[in-house]
Amino acid sequence: MHRATIIALICCLVAGGRARAQPFDYPAARLSTTWANTDAALPHHVVYTDGSVARAALLRLNPAGLGPSYAFGFFCTASQPRGNGPAAPCTEFLLGVAVVYCNSGAGMTFVTAGVPQVVWSANRGSPVSEGATTELTPEGDLVLRSGPGGAVLWSTGTKGRSVAGARIGSDGNLVLFDGRNATVWQSFDHPTNALLVGQSLKHGARLTANASTADWRDGRLYLAVDDDGLNAYVNATPPQRYYHLSLSETASGAYATYTNGSLTVSARPGAPPLAAIQLPTVGAGTVQYMRLEHDGHLRIYEWRSGWAPVYDVLKSATT
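Under full-length UniProt numbering, read the sequence shown as residues 1 to 319, first letter to last.
Source of the hints: derived by calculation from the structure; they are not laboratory data. This structure is a prediction, so every number in the text was calculated from the model and none was measured. Please note that the accuracy of each hint is not assured.
To be verified - Only pairs whose alpha carbons sit at most 16 Å apart, straight line, appear in this in silico EDC-like list of lysine to aspartate or glutamate:
(1) 202 <-> 228
(2) 202 <-> 178
(3) 159 <-> 139
(4) 159 <-> 130
(5) 202 <-> 215
(6) 159 <-> 178
(7) 202 <-> 227
(8) 159 <-> 135
Unchecked claim - Okay, the calculated beta carbon distance ranges per label pair:
(9) 64 <-> 237: 33 to 41 Å
(10) 64 <-> 259: 14 to 22 Å
(11) 271 <-> 242: 27 to 35 Å
(12) 152 <-> 309: 32 to 40 Å
(13) 309 <-> 178: 36 to 44 Å
(14) 149 <-> 239: 38 to 46 Å
(15) 227 <-> 88: 44 to 52 Å
(16) 237 <-> 304: 37 to 45 Å
(17) 304 <-> 104: 18 to 26 Å
(18) 284 <-> 32: 35 to 43 Å
(19) 170 <-> 248: 30 to 38 Å
(20) 152 <-> 178: 38 to 46 Å
We put the CB at the ideal spot given by N, CA and C, even for glycine.
All chains should be built: construct the whole structure from the sequences, respecting the hints.
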């Protein structure tokens, strides 16, 4: 075999290997797309060792090429082990955004330590069963149904607003966009119990803790930005405040933003912060999020060969 032929064959093999190694994430969808909560309909699915299940409809691979990534789809994380035996089968699913660990081929993996971390959900109080569907309708509404043709359990309410498609961003934000790529609706505007880096908690919105570790329904504890500061409450009559971060001045419409290294409260974009909490910075190639938990703590979690709490944001309680 001629030397030139051998070199050409080697180049083809190298190029082929590189092509196979390219990521194959699928971060966007067009109108008239339906996903059913079944293994057959969502072939990219994983069962984790604790019994949790992830079924990805959209996936945005980590910019580093592997590691913690964002998926939109159906997730079950409430499965409980039966004593020392196997985990009980998953029967209750959330439609939402979760952090999942992916390899360089965008395959969800790390089934022991990489259990999906749900950071936003559409139906936290009303989990769905096998066979539920979500559809990006021809009219531009993203809806969740109990099954094909079943009752609508949740929707974005964006019918007729010129939605052209949906995508999951590299920041974990689920966005419905129009033909000019402008945002029509985004999950960042509707937080549940967690915030991602770059996300804001706006005036009038709440972070509400789960009822318990395994119960995703709204609990009694919540975090809000008021005119006088960042406050955490027990939902009672009247609400009982257990944490307060005061502002340098009162500000109607103030909001809190989770940035890389701080949680800041501002009156408006570009204005000097009215208050700030310094936080650990996000490590290169990893993901960090904060979650208000049923014990009242606002903890930051980061991927470090497994999910670990790295900081307690509400370290000093006041009334």
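Hints and how they fare:
{"no.": "1", "hint": "202 <-> 228", "in the structure": "holds (14 Å)"}
{"no.": "2", "hint": "202 <-> 178", "in the structure": "violated (23 Å)"}
{"no.": "3", "hint": "159 <-> 139", "in the structure": "holds (5 Å)"}
{"no.": "4", "hint": "159 <-> 130", "in the structure": "violated (26 Å)"}
{"no.": "5", "hint": "202 <-> 215", "in the structure": "violated (25 Å)"}
{"no.": "6", "hint": "159 <-> 178", "in the structure": "holds (12 Å)"}
{"no.": "7", "hint": "202 <-> 227", "in the structure": "holds (11 Å)"}
{"no.": "8", "hint": "159 <-> 135", "in the structure": "holds (12 Å)"}
{"no.": "9", "hint": "64 <-> 237: 33 to 41 Å", "in the structure": "violated (48 Å)"}
{"no.": "10", "hint": "64 <-> 259: 14 to 22 Å", "in the structure": "holds (20 Å)"}
{"no.": "11", "hint": "271 <-> 242: 27 to 35 Å", "in the structure": "holds (28 Å)"}
{"no.": "12", "hint": "152 <-> 309: 32 to 40 Å", "in the structure": "holds (37 Å)"}
{"no.": "13", "hint": "309 <-> 178: 36 to 44 Å", "in the structure": "holds (39 Å)"}
{"no.": "14", "hint": "149 <-> 239: 38 to 46 Å", "in the structure": "holds (41 Å)"}
{"no.": "15", "hint": "227 <-> 88: 44 to 52 Å", "in the structure": "holds (46 Å)"}
{"no.": "16", "hint": "237 <-> 304: 37 to 45 Å", "in the structure": "holds (42 Å)"}
{"no.": "17", "hint": "304 <-> 104: 18 to 26 Å", "in the structure": "holds (19 Å)"}
{"no.": "18", "hint": "284 <-> 32: 35 to 43 Å", "in the structure": "holds (39 Å)"}
{"no.": "19", "hint": "170 <-> 248: 30 to 38 Å", "in the structure": "holds (33 Å)"}
{"no.": "20", "hint": "152 <-> 178: 38 to 46 Å", "in the structure": "violated (22 Å)"}
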